[in-house]
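Undergrad: One letter stands for each residue in the lines below.
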Amino acid sequence: GAVVSQHPSWVICKSGTSVKIECRSLDFQATTMFWYRQFPKQSLMLMATSNEGSKATYEQGVEKDKFLINHASLTLSTLTVTSAHPEDSSFYICSARDGNFEGSPLHFGNGTRLTVT
Amino acid sequence: DAKTTQPPSMDCAEGRAANLPCNHSTISGNEYVYWYRQIHSQGPQYIIHGLKNNETNEMASLIITEDRKSSTLILPHATLRDTAVYYCIVRVGTNAGKSTFGDGTTLTVKP
Chain A
1 GAVVSQHPSW
11 VICKSGTSVK
21 IECRSLDFQA
31 TTMFWYRQFP
41 KQSLMLMATS
51 NEGSKATYEQ
61 GVEKDKFLIN
71 HASLTLSTLT
81 VTSAHPEDSS
91 FYICSARDGN
101 FEGSPLHFGN
111 GTRLTVT
Chain B
1001 DAKTTQPPSM
1011 DCAEGRAANL
1021 PCNHSTISGN
1031 EYVYWYRQIH
1041 SQGPQYIIHG
1051 LKNNETNEMA
1061 SLIITEDRKS
1071 STLILPHATL
1081 RDTAVYYCIV
1091 RVGTNAGKST
1101 FGDGTTLTVK
1111 P
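Chains A and B are the protein sequences, given in the same order.
Using the numbering used here, you'd call the opening residue of the first sequence number 1 and step up by one each time.
Using the numbering used here, you'd call the opening residue of the second sequence number 1001 and step up by one each time.
I should point out that these hints are in silico values taken from the structure, not numbers from a laboratory.
Treat the hints with caution; some may be incorrect.
[Said to hold, decoys possible] Partial pick of chain B residues on the chain A-facing surface, computed with a CB cut under 7 angstroms:
{"hint": "1", "residue": "Y1032"}
{"hint": "2", "residue": "G1043"}
{"hint": "3", "residue": "P1044"}
{"hint": "4", "residue": "H1049"}
{"hint": "5", "residue": "S1099"}
{"hint": "6", "residue": "F1101"}
{"hint": "7", "residue": "D1103"}
{"hint": "8", "residue": "T1106"}
[As the list claims (entries may be wrong)] Anything over 12 angstroms on all C-beta distances counts as not near chain B; from chain A, calculated:
{"hint": "9", "residue": "T32"}
{"hint": "10", "residue": "K66"}
{"hint": "11", "residue": "T78"}
{"hint": "12", "residue": "T82"}
{"hint": "13", "residue": "G103"}
For glycine and all other residues, C-beta sits at the position ideal for the given N, C-alpha and C.
Use the sequences and the hints to build the structure in full.
TA: Put into structure tokens, the structure is as follows:
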């Protein structure tokens, strides 16, 4: 089945530094990937849609200059949290759609736990 | 995307069928029903999806009412490992379709 790999699975960084999270589709190509953020005991919140070869589309209230998204190939999207602060500590999850047929489902990475100290 | 309504929590005895309902009364004709689940501290896992017809795979069955305003996910023989948060998502089937997650149903399978 379709596999989405996310790396790293967890990261601890100091306040003010930047952190890059990678999302790869291992056995399929994805022109679109999605990035979510999840705080403890809350549901997933869509942050942005990553489009291969073009700019990402951000949801309302998400700072595009803080959460930089690059989708340089059909199998890789990256999310960079710039100048991270403790309030950015969260669980970040990516997803990609498997296949271009109508209705094809999303598959998710296993998430990245970011802790900013 | 259409909004969905799910009960916040449900319990199920191990070995019994778990029936998880979802209401999506404002669903549009081109919107699919998807079910995912999330085990603690992991990314969501795709379970099943459908448009109009009932669907079955190795994990579960999906029953969609004829008017498509509600659906039920059935786990035929629940195990302790099925304890998770189950999300019912309704979205268009194109690549542009974004998935909006509600609060889901926390299913607890008890021995």
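Undergrad: Decide, hint by hint, whether the structure agrees.
TA: Each hint tested on the structure:
no., hint, in the structure
1, Y1032, "holds, 5 angstroms"
2, G1043, "holds, 4 angstroms"
3, P1044, "holds, 5 angstroms"
4, H1049, "holds, 5 angstroms"
5, S1099, "holds, 6 angstroms"
6, F1101, "holds, 4 angstroms"
7, D1103, "holds, 5 angstroms"
8, T1106, "violated, 10 angstroms"
9, T32, "violated, 5 angstroms"
10, K66, "holds, 20 angstroms"
11, T78, "holds, 17 angstroms"
12, T82, "holds, 23 angstroms"
13, G103, "violated, 4 angstroms"
The earlier numbered hints that this structure contradicts are 8, 9, 13.
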